[in-house]
Amino acid sequence: MKPYNKIFRLSLQQLFQYRMNIFMFIIFGFLPLLAMLYLWITIYEGKDTIQGFSLQEMITYVLLAKLLEVLLLPDFHWSINTEIRKGELSKYLVKPLSYSRYWFARNLAVRTSHFVLAIIPIVWIIGSMKAYTLPIQQHNVLLFLLSVLGSFILYFLMYYQISLLTIWFIDVSSFFFTVDILLEFLAGTIIPLSLLPNWLYEILKYLPFSYLIYFPTSIYLGKFLHKEIWWGLCIQGTWILVFLLTSRLLWLWGLKKYDSVGA
Amino acid sequence: MNMKMALMYRANFFLNVLDSIVWFAITLLFFHTIFGQVTTIKGWDFNKLMLLIGTAELVKSMLFVLFIENLAGLPRMVNSGDIDGILLKPINSQFYVSLRRFDFGNFGNILPALFLIGYSCYQIGTPFLSFNTLVYVFLVLCSILLAYAIWFSVMTLSIWLQQIDGMHEFFLSAMTLMRFPQSIYKGIGRLLFVFLIPIVTITNVPVSILLNGVNINHLILFIVSTIFYVLFSIFFWKYSLRWYSSASS
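Top line first, the protein sequences correspond to chains A and B.
Here my numbering is used: the first residue of the first sequence is 16, the next is one more, and so on.
Here my numbering is used: the first residue of the second sequence is 13, the next is one more, and so on.
Possibly wrong hints are sitting among the right ones.
Derived CB-CB ranges, DEER-like [unchecked claim]:
hint, chain 1, residue 1, chain 2, residue 2, range
1, B, LEU203, A, VAL156, 56 to 64 Å
2, B, TYR108, A, PHE192, 23 to 31 Å
3, A, GLU60, B, ASN227, 45 to 53 Å
4, B, SER92, A, GLY237, 36 to 44 Å
5, B, SER142, A, LYS272, 53 to 61 Å
6, A, SER94, B, ARG88, 13 to 21 Å
7, A, LEU197, B, LEU243, 40 to 48 Å
8, B, HIS44, A, LEU264, 44 to 52 Å
Where chain A lies over chain B, by a calculated footprint (3+ residues, C-beta under 8 Å) [what the hints assert, rightly or not]:
hint, region
9, 48-58
10, 81-91
11, 195-205
Output of the computed footprint for chain B on chain A, the stretches with three or more beta carbons under 8 Å from beta carbons of chain B [to be verified]:
hint, region
12, 191-201
13, 229-237
Hints listed in this document are in silico derivations from the structure and should not be mistaken for laboratory results.
Note that CB positions come from ideal geometry on N, CA and C, so glycine has one too.
Based on the provided sequences and hints, a complete structural model is requested.
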């Protein structure tokens, strides 16, 4: 574990050199959220609840979902994409490092730095929206944290596999944009998934996406019974195991392809 | 030349089309869900809102085709000094740095936008050829100019704030605000994005004129503010360049 520890610390130092840039990115990233908050407040005029969500619950949902996204959503697929295109993958192959663990450590550093930098604006936003948000919830704190951890790993594995696609399709950067907006929606960052048409919601319950944002956020809001939380954690865990296996296979398969290009 | 470059990236074009189809489906699903709960948002029903969103997407795609390749790299060009070569050319420097290269890949995004506009007009019952439609088309062109002037000014600002290259992220994020009706914005959000940086009016003015007929006050105000922001961007650019040359020498 030691080399990865070092990678984590070094990446963190690197990132904090660019703290102003990252900070601006995070601040500006909240602008679309502003529009959504205005939209929800307008929609709730003259309405008490929508599908069991009060205005306070909805605003809390939207804010927490965004917070979790800042904390969990990886962006290393762009770096891996550049690296593989430039043929820089080789430099990892000669080192006694696991490529996935290397990126896991770096991703952890990036997420940590973003979280630290995002805390001030987020606290400010939550403070200024106080009239519209729920007081801090205390049910199932541990299970909530467990689901966030699961989501972090799940997010990593999904984006890691998407990044590896670069080995087969060189220019996938436009595809990344598509993946980003699709995942954002299916994860429930934009709208609570339970508001979607019922058939879709029933399907999404079994797919990995809803366990990224919707699941932890709903636990926090107390939308699930205990039984449902445990069941959800099982599904989340199962997807993590499945993706651990597939990403390993994808990597081994990709290496064969990568070698043959070089030779 | 530009065309040839674009054809080389045919795959990119189709991926852009795929991207807008996904975006399209998500937007429809989102608003379908919301309008399952309410019938109107501040007087905007589903079709009217789709017209607004279609217009927003059209303006955004046009902006991307024309400017994304040029404006995104502007601060880097200034900081690295590459801009000196352009300033020496006997051509208007603002014109040249804004329109050097086109991104034809983004043409793929225009089709769904036009479809959305056409379909919602059909649902609302707006005649396709009328005086209002002509004014709408004219105002959309104005919008592109206005948005360009704002974008260019924001990028010029980053010449001053050399350390911050996230300024274009600011503009791109702010553009999402124009997808919603002007009337939902209140307080500081309204002050900032309706009056100071009038990004919300970019779509709202043309669409409300198409829906409610020509309001001469709104029309004049919109044209005047477009001219104002374009002039401002020209002035600000010239002023910043003077500062830039004196700083480096």
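How the hints compare with the structure:
no., hint, in the structure
1, B:LEU203 with A:VAL156: 56 to 64 Å, "39 Å, violated"
2, B:TYR108 with A:PHE192: 23 to 31 Å, "28 Å, holds"
3, A:GLU60 with B:ASN227: 45 to 53 Å, "25 Å, violated"
4, B:SER92 with A:GLY237: 36 to 44 Å, "53 Å, violated"
5, B:SER142 with A:LYS272: 53 to 61 Å, "57 Å, holds"
6, A:SER94 with B:ARG88: 13 to 21 Å, "19 Å, holds"
7, A:LEU197 with B:LEU243: 40 to 48 Å, "41 Å, holds"
8, B:HIS44 with A:LEU264: 44 to 52 Å, "38 Å, violated"
9, 48-58, "holds (count 4)"
10, 81-91, "violated (count 0)"
11, 195-205, "holds (count 5)"
12, 191-201, "holds (count 5)"
13, 229-237, "violated (count 0)"
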